[in-house]
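> From first to last, the protein sequence lines are chains A and B.
If you number the first sequence the way numbering that gives the first Met the number 0 does, the last residue is 280 and the count never jumps.
If you number the second sequence the way numbering that gives the first Met the number 0 does, the last residue is 283 and the count never jumps.
I should point out that these hints are in silico values taken from the structure, not numbers from a laboratory.
Watch out, some of these pointers could steer you wrong.
[Claimed, not checked] Calculated cross-link-like contacts (lysine-lysine; reagent style DSS-like; alpha-carbon spacing at most 25 Å):
#1 B/Lys-48 <-> A/Lys-49
#2 B/Lys-119 <-> A/Lys-105
#3 B/Lys-48 <-> A/Lys-135
#4 A/Lys-177 <-> B/Lys-1
#5 A/Lys-105 <-> B/Lys-280
#6 A/Lys-105 <-> B/Lys-277
[Said to hold, decoys possible] If you want a taste of the chain B side facing chain A, the calculated C-beta under 10 Å gives, among others:
#7 His-89
#8 Gln-92
#9 Gly-93
#10 Ile-101
#11 Gly-126
#12 Leu-132
#13 Trp-135
#14 Leu-266
#15 Leu-274
[Stated by the list, open to error] Sample of chain B residues with no beta-carbon within 10 Å of chain A, all distances over it, derived:
#16 Arg-37
#17 Pro-150
#18 Glu-181
Each residue gets a CB set at the ideal place from its N, CA and C atoms; glycine is no exception.
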Amino acid sequence: MSRDGARSVLRHFGTIAGFAALIVFNLAPIVWSVRTSLMAPSDIFAYPPKWLDFAITLEHYERIVKSGYFQTFRNSIAYSLAAIAIGLIVGLLAAYGFDRFRFLGKKAMFFLVVFCIPLSMGSSALIIPNYLYFSKLGLLDGWFTLPLLYTAYNLPMAIWIIKSGVEAIPVEIDEAAKIDGCSRFRFIFGIVAVLSRPVLAAAALFIFLGSWNEFILSSIMINKPDLRPVQLAIYQYLGFFGQEWGPLTAAASVAIVPSIVIFTFLGRMLISGLTAGSVKS
Amino acid sequence: MKESRLGAVLVAPSILFLIVILIVPLIYTVYNSFFDLRFLQMGDFLGFKNYAAVFRNREIWHSLGLTIIVTFAGLAISIVVGMLMAVWIHSCQGLTAYFLQIIVLIPWVISMVVGALLWKWLFNTMGPINYLLNAWGYGNVDILANPRLAPCALIFVMAWRTVGFAMVLILAGLKSVPKDLEEAAEVDGANRWNVFWRVRLPLLKTPVMIASVILLLSNFNNVDVPMVLTGGGPGNATNVITMELYRQGFVYYDFGIASALSFITLLINVVLIVLYMKVVKYDV
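Produce the complete structure using the sequences and hints provided.
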């Protein structure tokens, strides 16, 4: 009894410590930022801090809207959607090609895809190369600059994820469709795409997060204010608003809404994509 | 599987994308690293002089050493905390387990810019952390302006961001440990502690390896967090290699040196990438 008792006390202690840690480290920073964004400037730096007894104001949100924040929002959405569309189409073709056919150079090409997964994750070695190359080709600061880069950076992972779904589709379906006279492209974008909806959604989610959260490439490639994505805008606010934490936290709070909402509903998909992408059994 | 050219046709657009946008620039950079490229003006051929300059530069050595410390310290924290979280969540059921996973993953889902910004605000001298320090009788500490504490803060935020990622991979590994193996060990008289160390942990080797390699890459190459959190300061206390790379290029405009340094960081990355390809065991 006493050993079990001690174990159960330990267990409860562990559970409480776990919950406390999650609340303090993972939720509190976000709550604190949202709280700051709703306070009048005089309350933000009040000492001792006003925990709850402050008047709610939306002035910081009005300020960032006036400074063109929603334009950057629209840009980021457009960039993400473009990368998702190209990534899924091109990625599905590649996944199907890799899974169903043998052809010259297949091994080398797949090696390239797998090599590019970690390469694009660790993008610091690519910052200067991409900048010099795009500047040489005159591709800097255009509406197409970031969609191109975001597609290329997220494509390897997308192919890898989609391939795990295409593998699960029986080859007999290919043959049945062929006998029925279905053309190859109609087959891929009709039947294969429909059958691999879960992996396509997981891939789309990855491309979205990768594009929406990307910062360093946009900061060196984009100069025109009209073309700025969200993360770059937030970084520039840091210089522009300086110690004015009201507008800064307002911008940060709005920027995480799409990620959090999508993640809450599609979290399972993200988790399965993460593990499919790295732990192959 | 059929032998067909169609396969190559289907794969071609993706391969083209990767070669044109990721691989060719790397080759172009090797070329650039042999030239004087200050202010983006193509100058004289320098041979290996840019590389020599990189190796002579003390700031770069300092920065490389710092990066290695930050990378491994962040990794260690992520793996240990991620392991604890995974074991805990593994013992929970259904919806509870799911929501815990979601909350642990939040820092990984939000952008690094926002994550670093949140902590920059919390570390502020007027923020809640300093308030608590004061309440416990300590003086004010400007964490991010202190050359000893700023690197710790950087490590903390990097680890904070990646705990969820480590947790997800380790949890998937835990789920794949066969139940009967654990039960057999218990029947043979092993206590829980022994079951964990002798049965589970050896089977978790692969997911831990994969998580470690990916997080090493991610920490080593992280530029967003230091850029927003400390900007490399105070002084050069948090000037990790990515910040130095950025400075050589976009502050000093010496793109010859920046290209040489890029190629060196690429080589370090390639070592990690080869490790990654070894542990993932991909095949077609």
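> Please verify that hint: B/His-89, Cβ, nearest Cβ of chain A, below 10 Å or not.
Because about 12 Å separates B/His-89 from the closest Cβ in chain A, which is outside the 10 Å limit, the hint is violated.
> Min Cβ distance, B/Gln-92 to chain A: is it shorter than 10 Å?
violated, 13 Å
> Is B/Pro-150 truly not at the interface, in the sense that its beta carbon sits beyond 10 Å from all beta carbons of chain A?
holds, 18 Å
> Against chain A, is B/Leu-274 within 10 Å by beta-carbon distance?
holds, 9 Å
> Quick check on the hint: B/Gly-126 CB to chain A CB, less than 10 Å?
Holds, because the Cβ-Cβ distance from B/Gly-126 to chain A comes to roughly 8 Å (cut-off 10 Å).
> Next pair to validate is B/Lys-119 with A/Lys-105; report whether the Cα-Cα distance is within 25 Å.
violated, 47 Å
> Take the shortest C-beta to C-beta distance between B/Trp-135 and chain A; is it under 10 Å?
violated, 14 Å
> Is the interface hint for B/Leu-132 satisfied, with its Cβ closer than 10 Å to some Cβ of chain A?
With a minimum Cβ separation of about 13 Å from chain A (threshold 10 Å), the hint on B/Leu-132 is violated.
> At a threshold of 10 Å, is the proposed contact between B/Gly-93 and chain A supported by beta-carbon distances?
violated, 12 Å
> Checking one constraint from the list: CA of A/Lys-105 to CA of B/Lys-280, max 25 Å. Satisfied?
OK: A/Lys-105 and B/Lys-280 at ~17 Å, within 25 Å.
> Let's test the interface hint: is any C-beta of chain A closer than 10 Å to that of B/Leu-266?
Result: holds, 9 Å to nearest chain A Cβ.
> Taking only the CA atoms, is the gap from A/Lys-177 to B/Lys-1 under or equal to 25 Å?
Satisfied, since the Cα-Cα distance of roughly 14 Å is no more than 25 Å.
Against the hints set out earlier in the document, violations occur for numbers 1, 2, 7, 8, 9, 12 and 13.
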